[in-house]
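Residue numbers (numbering that gives the first Met the number 0), protein chains in the order written: chain A, 0 to 129; chain B, 0 to 256.
For the record, the hints were derived by calculation from the structure and aren't laboratory data.
If you're wondering where the values come from, they're calculated on a predicted model, not measured in any experiment.
Worth double-checking, as some hints may not be accurate.
Calculated lysine to any residue pairs in the SDA-like style (CA-CA distance at most 20 angstroms, straight line) [as the list claims (entries may be wrong)]:
1) A:105 / B:194
2) B:14 / B:56
3) A:14 / B:100
4) B:230 / A:75
5) A:14 / B:4
6) A:14 / B:8
7) B:14 / B:32
8) A:14 / B:204
9) B:14 / A:94
10) B:26 / A:119
11) A:105 / B:99
12) B:230 / A:6
13) B:230 / A:103
14) B:194 / A:102
15) A:14 / B:230
16) A:14 / B:82
17) A:14 / B:91
18) B:194 / B:240
19) B:230 / A:72
20) B:238 / A:98
21) B:238 / A:22
22) B:4 / B:99
23) B:194 / B:150
24) A:105 / A:6
25) B:230 / A:92
26) B:26 / B:82
27) B:230 / A:32
28) B:230 / A:93
29) B:230 / A:22
30) B:230 / A:94
Stretch by stretch, here's where chain A covers chain B in the computed footprint (C-beta under 8 angstroms, at least three residues) [said to hold, decoys possible]:
31) 6–15
32) 22–33
33) 198–208
Built from N, CA and C at the ideal position, the CB exists for glycine as well.
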Amino acid sequence: MTGVSKTSPLSRAAKWFDPRARTISTIGFILNRITALGLSFYLFLHLIMLGQLAQGPQAYDGFLATVHSPIFVFGEVLVIAAGFIHGLNGIRIALNSFGVGARYQKATFLVLLSIAVICSLIFAVRIFTV
Amino acid sequence: MSTPKWVVTFQIYRKKGNADPHFDEFKLEVSPDEYVLDGIERVWAFHDRSLAFRHACHHSTCGACGMRVNGAEKLTCITLIRDVTQDGGVLRIEPMRNFPVVSDLAVDMGILYTRMEMVEHQPVNSDAKEAIQPEARPAGPVGEEEDYIRLSDCIECGLCISACPISGSSPEYLGPAVLAGAHQHGIKGNEQLLKLVDSEDGVWRCHSAFECTAVCPSFVEPGWRIMDLRKQVIGERFKRLFRGSSPKIIDTMEASK
Numbered sequence: 000m001t002g003v004s005k006t007s008p009l010s011r012a013a014k015w016f017d018p019r020a021r022t023i024s025t026i027g028f029i030l031n032r033i034t035a036l037g038l039s040f041y042l043f044l045h046l047i048m049l050g051q052l053a054q055g056p057q058a059y060d061g062f063l064a065t066v067h068s069p070i071f072v073f074g075e076v077l078v079i080a081a082g083f084i085h086g087l088n089g090i091r092i093a094l095n096s097f098g099v100g101a102r103y104q105k106a107t108f109l110v111l112l113s114i115a116v117i118c119s120l121i122f123a124v125r126i127f128t129v
Numbered sequence: 000m001s002t003p004k005w006v007v008t009f010q011i012y013r014k015k016g017n018a019d020p021h022f023d024e025f026k027l028e029v030s031p032d033e034y035v036l037d038g039i040e041r042v043w044a045f046h047d048r049s050l051a052f053r054h055a056c057h058h059s060t061c062g063a064c065g066m067r068v069n070g071a072e073k074l075t076c077i078t079l080i081r082d083v084t085q086d087g088g089v090l091r092i093e094p095m096r097n098f099p100v101v102s103d104l105a106v107d108m109g110i111l112y113t114r115m116e117m118v119e120h121q122p123v124n125s126d127a128k129e130a131i132q133p134e135a136r137p138a139g140p141v142g143e144e145e146d147y148i149r150l151s152d153c154i155e156c157g158l159c160i161s162a163c164p165i166s167g168s169s170p171e172y173l174g175p176a177v178l179a180g181a182h183q184h185g186i187k188g189n190e191q192l193l194k195l196v197d198s199e200d201g202v203w204r205c206h207s208a209f210e211c212t213a214v215c216p217s218f219v220e221p222g223w224r225i226m227d228l229r230k231q232v233i234g235e236r237f238k239r240l241f242r243g244s245s246p247k248i249i250d251t252m253e254a255s256k
């Protein structure tokens, strides 16, 4: 609509992340965007880290020491959680887009988000205890 | 026994011409069973005659009084004050998003009406599946042999477009009301409408936030209609794949019946 064209595209897109006075469906919308950005950033970071391996055995050992630090382990948990949330929410959106279950999208989202949270917690416990 | 009065502060968005927008506060004694629009009208009647806002029917038929009440899109003529605030509370009244503000709470909805015409939105619902079912038909002068018609649910209030995050970031997006109008009209056999709907700014621009359905005061379910349109568009694409680009004349004839 014409009333929004004066602001920059970035400031307009920033409003996507405002959950005030919105429903649970918007939480799903926001989560999908945050997890997509997070996973893209992770992929970029992952390729840079793998590039370090080509610099010899010492670089490889240094790399292993870094990824075993608690911050990186916590980052791995976030990546797994993002994967579950984005993947399962994506299944809901894909089904809805084919006209399947669009009227039950809220309930579907809550069920899939619960599964994502449970799976992420299981992985978190495994990662931090093994 | 009459309902005890509440004291509610109306914080009303003001903008005139090129001046910077601001909020004016009006403390009113209201009945919690009054509607938000009643309070706004009282502000206009007794406090500030320069307040501009749209309203007409007062019973959710005209779709003129859509605004944001404490951030959420509401048709103010059917929004009870007790449902959106409390005694001593605040009601922040703002114009709808994603439309140009003409003055204060009044927005220019011309683009919505133009687009509704583009998709040939009809005042009568043509979908047989959504017709009034026999058990729901009221007793009246219409005989058994005559068909009842059902008016289209959409009152073109624009609340769905105000609530849609994509309408906010992509001004070219047709928007939920327009796509719901296309769905009610039906795309089968209508090449021009199919082309409009199956475009970058048509059904594929929707990102499934479903806020349109949440705020719709007429239960049009734009979110579901957009998803159903996608299914229909995919179906049409498959048909084209097997028979070439143009629809068979028999389909066009069937659709025009």
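Structure-based check of each hint:
Between residue 105 of chain A and residue 194 of chain B the alpha-carbon distance is near 30 angstroms, which puts this suggested pair outside the 20 angstroms criterion. As the CA atoms of residue 14 of chain B and residue 56 of chain B are separated by approximately 25 angstroms, the hinted pair breaks the 20 angstroms bound. Taken as a hint, the residue 14 of chain A and residue 100 of chain B pair is honoured in the structure, with Cα atoms around 18 angstroms apart against an allowance of 20 angstroms. Distance restraint check for residue 230 of chain B and residue 75 of chain A: the Cα-Cα separation of roughly 37 angstroms exceeds the 20 angstroms cut-off, and the hinted pair is therefore not satisfied.
A distance of roughly 37 angstroms separates the Cα atoms of residue 14 of chain A and residue 4 of chain B; the hinted pair therefore is violated under the 20 angstroms criterion. Under the criterion of a C-alpha separation no larger than 20 angstroms, the hint pairing residue 14 of chain A with residue 8 of chain B is inconsistent with the structure, at around 27 angstroms. Straight-line distance between C-alpha atoms of residue 14 of chain B and residue 32 of chain B comes to about 29 angstroms, which puts the hinted pair past the 20 angstroms bound. Restraint check: the Cα-Cα separation between residue 14 of chain A and residue 204 of chain B comes to about 17 angstroms, which is no more than 20 angstroms; the hinted pair holds.
Distance check on the hinted pair: residue 14 of chain B and residue 94 of chain A sit about 43 angstroms apart at the alpha-carbon level, beyond 20 angstroms; violated. Distance hint between residue 26 of chain B and residue 119 of chain A is unfulfilled; the C-alpha atoms sit about 49 angstroms from each other, more than 20 angstroms. Taking the CA atoms of residue 105 of chain A and residue 99 of chain B, the gap is near 31 angstroms; set against the 20 angstroms cutoff, the hint is violated. Proximity of residue 230 of chain B to residue 6 of chain A is assessed by CA-CA distance (about 34 angstroms); at most 20 angstroms being required, the pair is judged violated.
Among the hinted pairs, residue 230 of chain B with residue 103 of chain A is consistent with the structure: their alpha-carbon atoms are about 16 angstroms apart, no more than 20 angstroms. Restraint check: the Cα-Cα separation between residue 194 of chain B and residue 102 of chain A comes to about 26 angstroms, which exceeds 20 angstroms; the hinted pair is violated. For a cut-off of 20 angstroms, the pair hint linking residue 14 of chain A to residue 230 of chain B is broken: about 29 angstroms separates their Cα positions. For the given pair, residue 14 of chain A sits about 26 angstroms from residue 82 of chain B by alpha-carbon distance, which is inconsistent with the 20 angstroms threshold.
Only pairs whose Cα atoms come within 20 angstroms are accepted, and residue 14 of chain A paired with residue 91 of chain B is accepted, the gap being roughly 19 angstroms. For a cut-off of 20 angstroms, the pair hint linking residue 194 of chain B to residue 240 of chain B stands: about 16 angstroms separates their Cα positions. Pair hint residue 230 of chain B plus residue 72 of chain A does not hold up; C-alpha atoms about 42 angstroms apart against a cutoff of 20 angstroms. Straight-line distance between C-alpha atoms of residue 238 of chain B and residue 98 of chain A comes to about 17 angstroms, which keeps the hinted pair within the 20 angstroms bound.
Using a Cα cut-off of 20 angstroms, the hinted pair residue 238 of chain B and residue 22 of chain A is violated, with the two alpha carbons roughly 37 angstroms apart. Between residue 4 of chain B and residue 99 of chain B the alpha-carbon distance is near 36 angstroms, which puts this suggested pair outside the 20 angstroms criterion. For the proposed pair residue 194 of chain B and residue 150 of chain B, the alpha carbon gap of about 26 angstroms is over 20 angstroms, so the pair is violated. At most 20 angstroms may separate the alpha-carbon atoms for a hinted pair to count; residue 105 of chain A and residue 6 of chain A exceed this at roughly 31 angstroms.
Proximity of residue 230 of chain B to residue 92 of chain A is assessed by CA-CA distance (about 13 angstroms); at most 20 angstroms being required, the pair is judged to hold. This hinted pair checks out: residue 26 of chain B and residue 82 of chain B have alpha carbons roughly 18 angstroms apart, not beyond 20 angstroms. For the hint linking residue 230 of chain B to residue 32 of chain A, the alpha-carbon distance of about 24 angstroms lies beyond 20 angstroms, and the restraint is violated. For the hint linking residue 230 of chain B to residue 93 of chain A, the alpha-carbon distance of about 11 angstroms falls within 20 angstroms, and the restraint holds.
Between residue 230 of chain B and residue 22 of chain A the alpha-carbon distance is near 25 angstroms, which puts this suggested pair outside the 20 angstroms criterion. Pair hint residue 230 of chain B plus residue 94 of chain A holds up; C-alpha atoms about 10 angstroms apart against a cutoff of 20 angstroms. Coverage of a stretch by a chain is defined here by at least three residues with a beta carbon nearer than 8 angstroms to that chain's beta carbons; for the stretch 6–15 of chain B and chain A the count is 0, and the condition is violated. A count of 0 residues in the stretch 22–33 of chain B with a Cβ less than 8 angstroms from any Cβ of chain A is obtained; the coverage claim is therefore unmet, three being the minimum.
Residues of the stretch 198–208 of chain B with a Cβ under 8 angstroms from some Cβ of chain A number 3, which satisfies the need for three, so the listed coverage holds.
Checked against the numbered hints given earlier, the structure breaks hints 1, 2, 4, 5, 6, 7, 9, 10, 11, 12, 14, 15, 16, 19, 21, 22, 23, 24, 27, 29, 31 and 32 and satisfies all the rest.
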